[in-house]
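Q: Spelled out from the first residue to the last, the chains are:
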Amino acid sequence: MSPLLDVRGLSTIFRAGDVTVRAVDGVSYTVEQGETVAIVGESGSGKSVGAMSILRLIPSPPGRITDGRILFAGRDLLQASDEEMRRIRGGEIGMIFQEPMTSLNPVLTIGRQITEAIEQHRGADRATAARRAVELLGLVGIADPSRRLRQYPHQLSGGMRQRVMIAIALACEPKLIIADEPTTALDVTIQAQILELMRKLTRQLNVALIIITHNLGVVARYANRVNVMYAGRIVESGLAEAVYHRPGHPYTVALLRSVPRLDRPRQARLDPVDGQPPDLTRLDAGCAFRPRCRFAIEACAKARPSLEPLGKDGHLAACFRSHELGRLLGAAA
Amino acid sequence: MRAAAPAAPPLLEVSGLSMHFPVTEGILRRRKVGEVKAVDSIDFTIRRGETMGLVGESGCGKTTTGRCILRLERPTAGKIVYDGIDIAKLSPKQLTAMRRRIQVIFQDPYSSLNPRMKVGEIVAEPMKVHGIEPDATKRAARVRELLAVCGLNPAFADRYPHEMSGGQRQRVGIARALSLRPEFIVCDEAVSALDVSIQAQVVNLLEDLRERFGLTYLFIAHDLSVVRHLCQRVAVMYLGRIVELADSDELFDHPQHPYTQALLAAVPVPDPSVEASREFRPPAGEVPSPLNPPSGCVFHPRCPIAAERCRLARPEVREVRPGHWAACHEIG
Numbered sequence: 149m150s151p152l153l154d155v156r157g158l159s160t161i162f163r164a165g166d167v168t169v170r171a172v173d174g175v176s177y178t179v180e181q182g183e184t185v186a187i188v189g190e191s192g193s194g195k196s197v198g199a200m201s202i203l204r205l206i207p208s209p210p211g212r213i214t215d216g217r218i219l220f221a222g223r224d225l226l227q228a229s230d231e232e233m234r235r236i237r238g239g240e241i242g243m244i245f246q247e248p249m250t251s252l253n254p255v256l257t258i259g260r261q262i263t264e265a266i267e268q269h270r271g272a273d274r275a276t277a278a279r280r281a282v283e284l285l286g287l288v289g290i291a292d293p294s295r296r297l298r299q300y301p302h303q304l305s306g307g308m309r310q311r312v313m314i315a316i317a318l319a320c321e322p323k324l325i326i327a328d329e330p331t332t333a334l335d336v337t338i339q340a341q342i343l344e345l346m347r348k349l350t351r352q353l354n355v356a357l358i359i360i361t362h363n364l365g366v367v368a369r370y371a372n373r374v375n376v377m378y379a380g381r382i383v384e385s386g387l388a389e390a391v392y393h394r395p396g397h398p399y400t401v402a403l404l405r406s407v408p409r410l411d412r413p414r415q416a417r418l419d420p421v422d423g424q425p426p427d428l429t430r431l432d433a434g435c436a437f438r439p440r441c442r443f444a445i446e447a448c449a450k451a452r453p454s455l456e457p458l459g460k461d462g463h464l465a466a467c468f469r470s471h472e473l474g475r476l477l478g479a480a481a
Numbered sequence: 008m009r010a011a012a013p014a015a016p017p018l019l020e021v022s023g024l025s026m027h028f029p030v031t032e033g034i035l036r037r038r039k040v041g042e043v044k045a046v047d048s049i050d051f052t053i054r055r056g057e058t059m060g061l062v063g064e065s066g067c068g069k070t071t072t073g074r075c076i077l078r079l080e081r082p083t084a085g086k087i088v089y090d091g092i093d094i095a096k097l098s099p100k101q102l103t104a105m106r107r108r109i110q111v112i113f114q115d116p117y118s119s120l121n122p123r124m125k126v127g128e129i130v131a132e133p134m135k136v137h138g139i140e141p142d143a144t145k146r147a148a149r150v151r152e153l154l155a156v157c158g159l160n161p162a163f164a165d166r167y168p169h170e171m172s173g174g175q176r177q178r179v180g181i182a183r184a185l186s187l188r189p190e191f192i193v194c195d196e197a198v199s200a201l202d203v204s205i206q207a208q209v210v211n212l213l214e215d216l217r218e219r220f221g222l223t224y225l226f227i228a229h230d231l232s233v234v235r236h237l238c239q240r241v242a243v244m245y246l247g248r249i250v251e252l253a254d255s256d257e258l259f260d261h262p263q264h265p266y267t268q269a270l271l272a273a274v275p276v277p278d279p280s281v282e283a284s285r286e287f288r289p290p291a292g293e294v295p296s297p298l299n300p301p302s303g304c305v306f307h308p309r310c311p312i313a314a315e316r317c318r319l320a321r322p323e324v325r326e327v328r329p330g331h332w333a334a335c336h337e338i339g
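Residue numbers (this note's numbering), protein chains in the order written: chain Y, 149 to 481; chain B, 8 to 339.
A portion of the hints provided could be inaccurate.
With a cut-off of at most 20 Å between alpha-carbon atoms, the simulated EDC-like pairs for lysine to aspartate or glutamate come out as follows [as the list claims (entries may be wrong)]:
| hint | chain 1 | residue 1 | chain 2 | residue 2 |
| --- | --- | --- | --- | --- |
| 1 | Y | K348 | Y | E180 |
| 2 | Y | K348 | B | E286 |
| 3 | B | K44 | B | E80 |
| 4 | B | K125 | B | D165 |
| 5 | Y | K460 | Y | E472 |
| 6 | Y | K348 | B | E282 |
Since the hints were derived computationally from the structure, they do not count as laboratory data.
Next comes chain Y alone, as it looks inside the complex:
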């Protein structure tokens, strides 16, 4: 069976004057029905732009999708008309963003924002939509739904607003939800509540989830598979278990080593990634991580390594030395 979402060779650029930034540069991955895939990376890695490209929400100009295919349930979203895309966004594909205060309309009641989606996408009448809205708020764990539906976003707490966003995302029974840093703005106990809720509901309703995050702990707790991005490319991809325990890219290794862990006693020093984040306007032909990589060799300056198989279960890494990385790390330790 073909995957629910199949992104192939996606490239998105931004132009400012005569400077071109390749924010997403030839990204390919798949998402199966009901599966949770994490896209992890730091600021500027292209993780959000990539997701926005799937929804065709790239502001143009300055942005433009220059290449690739986005096959969703058999259709190429890049070929879809604007009208079709409007039906898909908020319909078959739900969206949850980081800051619920800015993604909810401040002058409409919570109820109106949920029913609007149901009326538009489902052609339901007001009464049916209102009943469904009450049901959805119950589903996302909001007590006293009929009262909440009459309230405005500013009357709700951050956690509550994010629950409303989830209700809206689920309103039209989507097959896929794209969540971009859904809990980054929330406190840790509320973050845990929201993530548990998303996990429970995506399982219960068999919805696939793409979760975009910088938090390696969130990935470890919630994702089946993970794509690690750096400078617009996926540098490593695989089952979370394999990527964390047998990383095949020096950047993944560096990321995992630079986070302090709550379950480990105080260590002497962290082992950070040296150097500065990449400047996307000044990338050369070589591997973008090379200037910060302690295992870089001559070949790394000449070409950017492509994603190649590494071990089983679809584990991929884009590094000329991924097969010897385990040995190199052993020698360096």
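Let chain Y serve as the given structure and place chain B on it in line with the hints.
A: Quick look at chain B alone, frame taken from chain Y:
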């Protein structure tokens, strides 16, 4: 509450510290209609040379506590005794001298640096204000030295903040804080806005600087993993109160207060096999409004082990294990 038998007197001793903000109504005639107890009678000490962590979620009062120590707020009650002097009572003039000894590093390297000033001017400004190093040439040399100490190219003195990355800007903020040769630095979410790989660099820098200059830190943060790594002792705050305080490893390995336990359980660990084996249920409900806090123990509405007395009486902080303090009726 006192720390476990310190040999020397503590550098900072906070006792009964409260910061209550009035809530007013009316435009022409303002009436006080209530108050927010942002910080409500807390005690802790910090020893010279140690890093003390202050953790908790939004609105718990950790930042207000830091602002009181910096005297950016005038506390409504309590003492803040720094090296024998009560900061809470100082006049503005006396404060100026104290501010040379106590500095701050803020969270956001984007909004805490003046975008119209060059990096060199930003780092030199505290020296100008306090009349240290009046000689411009010497001051410029000191700026270059401070930038180098913080891992920046001294030539960055001629750049503007917007030409730098977030991590570099945070280093500028650190260089500025060091310019007066302080003893004590309040780090308020100092690494929270940084990407993982850069955050680790800055965490290491803070550690190095503490050793090199014998600094003492109050490290205010919501990221418990960073706090565990960086701090020798940790205090957990909830709704304006300290609910637990202990040595870092003791607190993280043997959390006693139900709130601390919930907080630690909520943090996912970056290891899928560890996560797969963890039982976990997030605490129900949200933090109540500090305008109208719950009676008795402020955590009781969300607490899994709350009993009748928790609604009635406020638990005092007491020693529940050696050197380990918690405010809970139901433990120990």
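Q: Tell me if the straight-line CA distance from Y:K348 to Y:E180 falls inside 20 Å.
A: holds, 17 Å
Q: With the threshold set at 20 Å, check whether the alpha-carbon distance from B:K125 to B:D165 stays at or below it.
A: Between B:K125 and B:D165 the Cα gap is close to 6 Å, so the pair holds against 20 Å.
Q: Does B:E286 lie within 20 Å of Y:K348 when you go C-alpha to C-alpha?
A: holds, 15 Å
Q: Hint check: Y:K460 vs Y:E472, CA-CA at most 20 Å. Holds or violated?
A: Satisfied, since the Cα-Cα distance of roughly 16 Å is no more than 20 Å.
Q: Check whether the Cα positions of B:K44 and B:E80 lie no farther apart than 20 Å.
A: holds, 13 Å
Q: Regarding the pair Y:K348 and B:E282, is the alpha-carbon distance no greater than 20 Å?
A: Holds, at roughly 16 Å.
Hint compliance for this structure: no hint is broken.
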